[in-house]
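Novice: Residue numbers (my numbering), protein chains in the order written: chain A, 1 to 327; chain B, 328 to 654; chain C, 655 to 981; chain D, 982 to 1308; chain E, 1309 to 1635; chain F, 1636 to 1962.
I should point out that these hints are in silico values taken from the structure, not numbers from a laboratory.
We put the beta carbon where it would ideally sit given N, CA and C, even for glycine.
Please note: incorrect hints may appear among the correct ones.
Example chain B residues on the side facing chain A (calculated, C-beta under 7 Å, incomplete) [said to hold, decoys possible]: (1) Thr354; (2) Leu391; (3) Asp433.
Think about it this way: if two alpha-carbon atoms lie no more than 30 Å apart in a straight line, the pair counts; the simulated BS3-like pairs of lysine-lysine are [unchecked claim]: (4) C:Lys879 x C:Lys798; (5) D:Lys1089 x E:Lys1416; (6) A:Lys144 x B:Lys499; (7) D:Lys1153 x E:Lys1416.
Protein chains: 6
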Amino acid sequence: MPDVITFGEAMVRLAPPSHRRLEQTRTLDITVGGAELDTAVGVARLGHSCSWVSRLTDNALGRLIANHAREAGVSTEACLWTPDDRVGLYFYEFGAAPRPPGVLYDRKDSAFANVRPGMFDWPRLLAGAKWFHITGITPAVGAKTADATREALEAARAVGVATSIDLNYRAKLWTPAEAGKCLGELVALCDYLITTREDIANVFGIEAPDHETAAARVAERFGLKSVALTLREGSLGWRNTLSAMLWHPGGILRTRSYEVEIVDRLGAGDSFAAGFIHGVLTHDLQKALDWGVAMSALKHTIPSDFAWVTREEVEALLGGAGMRVDR
Amino acid sequence: MPDVITFGEAMVRLAPPSHRRLEQTRTLDITVGGAELDTAVGVARLGHSCSWVSRLTDNALGRLIANHAREAGVSTEACLWTPDDRVGLYFYEFGAAPRPPGVLYDRKDSAFANVRPGMFDWPRLLAGAKWFHITGITPAVGAKTADATREALEAARAVGVATSIDLNYRAKLWTPAEAGKCLGELVALCDYLITTREDIANVFGIEAPDHETAAARVAERFGLKSVALTLREGSLGWRNTLSAMLWHPGGILRTRSYEVEIVDRLGAGDSFAAGFIHGVLTHDLQKALDWGVAMSALKHTIPSDFAWVTREEVEALLGGAGMRVDR
Amino acid sequence: MPDVITFGEAMVRLAPPSHRRLEQTRTLDITVGGAELDTAVGVARLGHSCSWVSRLTDNALGRLIANHAREAGVSTEACLWTPDDRVGLYFYEFGAAPRPPGVLYDRKDSAFANVRPGMFDWPRLLAGAKWFHITGITPAVGAKTADATREALEAARAVGVATSIDLNYRAKLWTPAEAGKCLGELVALCDYLITTREDIANVFGIEAPDHETAAARVAERFGLKSVALTLREGSLGWRNTLSAMLWHPGGILRTRSYEVEIVDRLGAGDSFAAGFIHGVLTHDLQKALDWGVAMSALKHTIPSDFAWVTREEVEALLGGAGMRVDR
Amino acid sequence: MPDVITFGEAMVRLAPPSHRRLEQTRTLDITVGGAELDTAVGVARLGHSCSWVSRLTDNALGRLIANHAREAGVSTEACLWTPDDRVGLYFYEFGAAPRPPGVLYDRKDSAFANVRPGMFDWPRLLAGAKWFHITGITPAVGAKTADATREALEAARAVGVATSIDLNYRAKLWTPAEAGKCLGELVALCDYLITTREDIANVFGIEAPDHETAAARVAERFGLKSVALTLREGSLGWRNTLSAMLWHPGGILRTRSYEVEIVDRLGAGDSFAAGFIHGVLTHDLQKALDWGVAMSALKHTIPSDFAWVTREEVEALLGGAGMRVDR
Amino acid sequence: MPDVITFGEAMVRLAPPSHRRLEQTRTLDITVGGAELDTAVGVARLGHSCSWVSRLTDNALGRLIANHAREAGVSTEACLWTPDDRVGLYFYEFGAAPRPPGVLYDRKDSAFANVRPGMFDWPRLLAGAKWFHITGITPAVGAKTADATREALEAARAVGVATSIDLNYRAKLWTPAEAGKCLGELVALCDYLITTREDIANVFGIEAPDHETAAARVAERFGLKSVALTLREGSLGWRNTLSAMLWHPGGILRTRSYEVEIVDRLGAGDSFAAGFIHGVLTHDLQKALDWGVAMSALKHTIPSDFAWVTREEVEALLGGAGMRVDR
Amino acid sequence: MPDVITFGEAMVRLAPPSHRRLEQTRTLDITVGGAELDTAVGVARLGHSCSWVSRLTDNALGRLIANHAREAGVSTEACLWTPDDRVGLYFYEFGAAPRPPGVLYDRKDSAFANVRPGMFDWPRLLAGAKWFHITGITPAVGAKTADATREALEAARAVGVATSIDLNYRAKLWTPAEAGKCLGELVALCDYLITTREDIANVFGIEAPDHETAAARVAERFGLKSVALTLREGSLGWRNTLSAMLWHPGGILRTRSYEVEIVDRLGAGDSFAAGFIHGVLTHDLQKALDWGVAMSALKHTIPSDFAWVTREEVEALLGGAGMRVDR
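Chain A on its own, in the form it takes in the complex (with noise of 0.2 Å):
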């Protein structure tokens, strides 16, 4: 029985190598990336036993998201498979100042877009776990996915398994006002919350001075044991600053700062919940917001939304290596 698992979409992703745009590219590199996903496989990597679960359409891109996924050390056993509907995909544009990266989203009428409530046996699949970890996305992405990630979230609580949530607001999927009111009743049955303070003012309407009070009030309004805020500076794409700061009842928690060399910023968010869900499972909220932020760090350094790190190399930065090559 796996000790985490989460529950949304994965898509394969398509990105054009050496920064080409997709109208002049002639190849493209296929990965496969999802929130979820992305926080499973940084778990997995991390020493957990860890299980997604989806569904999938039972064809050769299908096959190749649960190949990825397993390759990583995911188990996809608890995966549906549909002969019907297609898979998500997304074309990715890597982006250099002044230029934003792109994102071409190609995942409507998907498999997982069409989950509903009761396809899965959510009291079998919990049965052990320790966490369930999902996003803003998984609600947004379907029409009853939304009931589906409560229906799965409510069966956690039943068992009192850990549950957390990345918020995650997509613009491309819905409005504030709509992710607000679903958010707000999946928030509620959640221990844990990742978030930023612009997606905290975006989804809730919580507007605060700082980010300890925007922290405190999401915490509040929902009855949260901590909230913590993932914190980039920088205005260029090939070098961040990155830090994160926890709200929790008995206080605020603070990591170091990393310079990061950005190789590839998507999953370095789901990349924090890994880091966040591994330091709980084995320590405390302070180990917990260190390994997240140094989790997403490394990600940064990373092609793909994956982060392909072992748990020896990020206690090694914890420990303070430098770039010094190891000779």
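Chain A is already provided as a structure; the job is to place chains B, C, D, E and F on it using the hints.
Specialist: Frame of chain A; chains B, C, D, E and F shown alone:
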């Protein structure tokens, strides 16, 4: 004003290199293909002004399709652009005996699938043209594309533009019965039919003892000026023998046969149509058949759906040039 | 509990693309291969739960091997990990007549070469399994791997698991005399033998006038349930004819022959074993032979040692599907 | 009839990927570049009909150049084709501090270098056009191209088409004295000058204490409507700060500055000209300067000499969009 | 002092991968080729010290040519370097039946084309050498290269170095009449001629009823020690049958024939020359012919103009090795 | 006779492109590296005859190493070839802050690791040479390579050849105590030491308050003519500041500092040694230091371990050239 006009959908084609299966590849080669565009490209490469009429989503993928069409010499000025819908895709796996090539279509809800009658100003588009060409795919891809195709053919007939159709039955799009009913009406509006004996049997239920009879019967049923059949022999993936025959009221025409080493067989039939149209426009039915099969043979040797040849190269082949390097 | 278990070494395979020689290439394609893992992959692709038992160094290359195994559907939970030793490699040059393919092994002192009896808890690993498979490479790669292999076979026999061996004589690893002595003891512990007439002669000194006699004699000597021989004809690198025959106490079985266009011949024998095991587990010896040769034929068309096929594709081939594109 | 016409040479550009030196690379990326074509592409991408006038050898390389131009939206109908001469090439090495980028030209005896007055029917080509643009390279590449350029400018003047020149002094083509004499005559036929303070000093010997004075003096000497200077700061290869200023009789205009992460700096000046022309045609000199520097900044982030942007992307940048991924 | 010396031009070869046409490719593979350098490489790979005499422009492309020569084991110490002129290039398109391979030369005004008599100190360069080899291309590429070639041959004759010529008529460089006059004088200075019956007819107007007679007549006309003819059969691009025959005063020699799968046919004739020279230097004329055709057959299987083989591999082929993987 | 001789191991380097991790890559770029070969390449590129002395396995990988050395201008005539042992490999992962570059060595039991005293005829190899260079890696890679290194240094000393050592402490090969004992004896046989302050402390236990004191103390202890220290500043992976200082009996020398954008940092120290040797051979210690740091700065911008530069490029950098494209 372009001499030749074709009407249909083109898609982004994504193919693993080096005979890889989709599940195992990490890169895809991106080109563009669609039967009527492929034919337009062939016609343009042979020196005719040619316009491709279609409907595209105004995003990077839609622009990419138009860019590739123009790169190959085809005008896209008559295309409609929409902010809605999506761009059709297909994934192509090259084959090797005994594994056949594979095509995974992902074309539902494309901009072209939503084409309806009345969208194109055919009298204006056809003014001054000499030839209008479609395939049996165009009426099959959307709910209203059959009506839109009939509208176009009738407009062409009305102004005396020569009309041709490549039957191209696609089992993934409709049943033989559906195809037979619809295509029967469309073929009746055409001067020239290009097809195979197998499709004649599938679509129109005409089982004949030989190619000649099959062609004659379908010509008779629909009142056609000629019926050209492409003939492929061989059970391998990398080597086939190609030729063609044609029925017309004056008798039967044939071509020499070509031993072809197959780099990429997609678009080979469409290139036959291009050579055929070129031949009729500039010579006669025998030349049309000869140019058709030569274009098709050459297309087999070229990656992508497009026939990147020159008129001089086709002439050299028709003139008997061998495989010696010209140094 | 997996149905099928295989035991052996896998290596990182490094191959120049596009028929380049090693000396001239500047890039290498990296995949994973090893006879027993290749078979496990084939078995898993056909829908059976399958576990590969091996020993790997815990570094990026060792993890890469396990990742690729899982990606292809094989469980690596039974693998042992060590911080010591190294990961075996081999460099592969594709051939073209009259230049044969080339394999440069660099596998000395690998983690698997240091496998010793007692390292694996076979009774636990084999509990509930239906089939245990090895090849003649496993006993040859290390000083104690022959003993470890015997230990595994005896454990399988003890609990009634079916056992098979692919003889796979490797002249770079041992002499015919050494192989004959060791493999004789191991074959005597097996139910099913897969091999070629040539290896029967090389390893066991059984020179027979024909395939049937060779198979019968080796079956008789070792008390085997069946002996399957793969038959390859042709002197080219890109094209061969494949078939197989089988001796069993009830007589001789044969298959149709396949004309194959060869993309990558490595792993083709291992895929035969996979199809054979599938056939015995689900049908009978005739089906085993048929599935074996169909799997092997398909494997020739796919880059890498793994047979990236689906059960449906093999069934289609067995059902007589041709090279036509399915559109 | 196209709105904008440019006149000059384009070459096949061959560049090693991944910062490799020419001596060590085994692959080259092939694109197309040439100052006036680059500008034409930028103008076309912003939505204007645009024709590029040139002379090309009728072989695969010459056709490739025309194909790329059409792919990017530029008309090549006005190009002349010759069976003689050769196609100009240049090899480009990307730089990294402290190693500057390298350009190895191989353009002697190209089809364009043999352009002579009288080859183009300028009155016909310019009929209905709004803008005619050249650079200081066109007159320098061949023995008679200076005369041919003057002929074109005079024809444009004669029919009231706006004329612009990007000074673009090339030390590998001529001496400052030669350039000064020739370009002085050509600039006097232009309305708009785009250049740098350094080129003003090099070519015309105008040493001024600041940008404003340099621009004013050159404007005065040649009777120009405006002089735009692009300003680049920074000593690195992957990061620069860009802005621009402009002198016109009514005063000095300036732009904001952009921090740019440099993927490919070739064509950046040509894209400035494209944005500038767009701005004048649709707005005013301030917008021309703003669009020029925004186009140039974006071009730095895109591989190849062409600015693969959309009008909407430039507008978003001018509107203050940041580096956030739009999801 | 090198044993074997060859004299001629080498060019940078630029070839689209994967059978792409030049017009459609976005990458080129860069290697080096030139008949006399190709032969030098073959001779060096077989273990002889070998020097290639040429003239190169001192830029990155010229150095690249010399680098590749040295990489393959050929000495470039005798090459002259000039800051002037340019480096010859050629673009190569692989063929597939019925499309022949294509070569687009861009070699005018190269450093070698400007070679004149007196540039090389032949007595010094030839001191101690055993063999001097040229082809019929060397005298054809420049205005004075014929004179320079004669100078070299006379110097070789003067010191008793064996001389050979591969006739290699190039229709793109001169007419048969021009070639016949010039090459007649040069062949008369040679001991060994390598050619085809077709070139004997083209260049010397010797039409003979069979290979034997053609070889005998040309040998007689020019007083040659032997005339070797390479024989190619087959009308495909990926498969040919190769053999060779030789006339010498003692009679006719023949070789076995090889079925070759063709990866890259360029340089195959040059590799024949290399094997031939090796054979004469180490054995006799029969071995020379055998090694020549074996080297040529192997070259067909290797990308680039160079025969990346080892002496052991050629010996194995001559010894009857088949296509089995050596494991 | 070569002017400069270096002695050590080179390995095949296998690196994933585009910042991929080893576990996720499907292709590897193959180059060659090894400290003493890297230095030999730099020296050869600056125009000196240079021989690299090593021991290689006679297979495709061993030949590949020698080929690459010759390609870069280094003589491999003094290398020994053996049919035994294996070729050392290393896998390199590029870094990005905060992820350091990674090196996975697989060099055990290589042909060089089995080097023993008496294998090389040093008096003959060193005859006529001006300089002999090693690093602290050579004595560490094998059981007897320390003795073999001492033998070589003593032979160089005996004939008055200048000797230099780059300390290059490798923690993966030996402990500081082991290194200190062995390297102390070797440094005492050298004229010139190149190292870092950190290695001086690690290896010799010399903790000094500043660079100058560290250099002076180690110089004094071993009686050195000079001690050069390379100085690297910065905590990022893609950008550092480089300079160098040198102690000699006459005082302290320094260089300007370079801001470097890092493409590939491997071999940068080895290129410093190359520039240093060039400087001493042609100028003086100040030039040696200047050329050393300029070579090192340029090496950072070039993929692979080799400094693919020309003497003219280094001179231009030393002369103050900026990042402008030379057009």
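Novice: Hint validation: Leu391 (chain B) versus chain A, beta carbon distance must be below 7 Å. Holds or violated?
Specialist: This hint holds: Leu391 (chain B) lies near chain A, its Cβ roughly 5 Å from the closest one there, short of 7 Å.
Novice: For a C-alpha distance cap of 30 Å, please report whether Lys144 (chain A) and Lys499 (chain B) respect it.
Specialist: Satisfied, since the Cα-Cα distance of roughly 29 Å is no more than 30 Å.
Novice: Mind checking the CB of Thr354 (chain B) against every CB in chain A and telling me if the closest is under 7 Å?
Specialist: 5 Å, holds
Novice: For the pair supplied as a hint, Lys1153 (chain D) and Lys1416 (chain E), is the alpha-carbon distance within the 30 Å limit?
Specialist: Holds, because 20 Å separates the two Cα atoms, which is no more than 30 Å.
Novice: Would the hint linking Lys1089 (chain D) and Lys1416 (chain E) be met if the CA-CA limit is 30 Å?
Specialist: 10 Å, holds
Novice: Between Lys879 (chain C) and Lys798 (chain C), does the CA-CA distance stay at or below 30 Å?
Specialist: At roughly 28 Å apart (the allowed maximum being 30 Å), Lys798 (chain C) and Lys879 (chain C) satisfy the hint.
Novice: Close enough to count: is the Cβ of Asp433 (chain B) nearer than 7 Å to one in chain A?
Specialist: With a minimum Cβ separation of about 6 Å from chain A (threshold 7 Å), the hint on Asp433 (chain B) holds.
Checked against the numbered hints given earlier, the structure satisfies every one of them.
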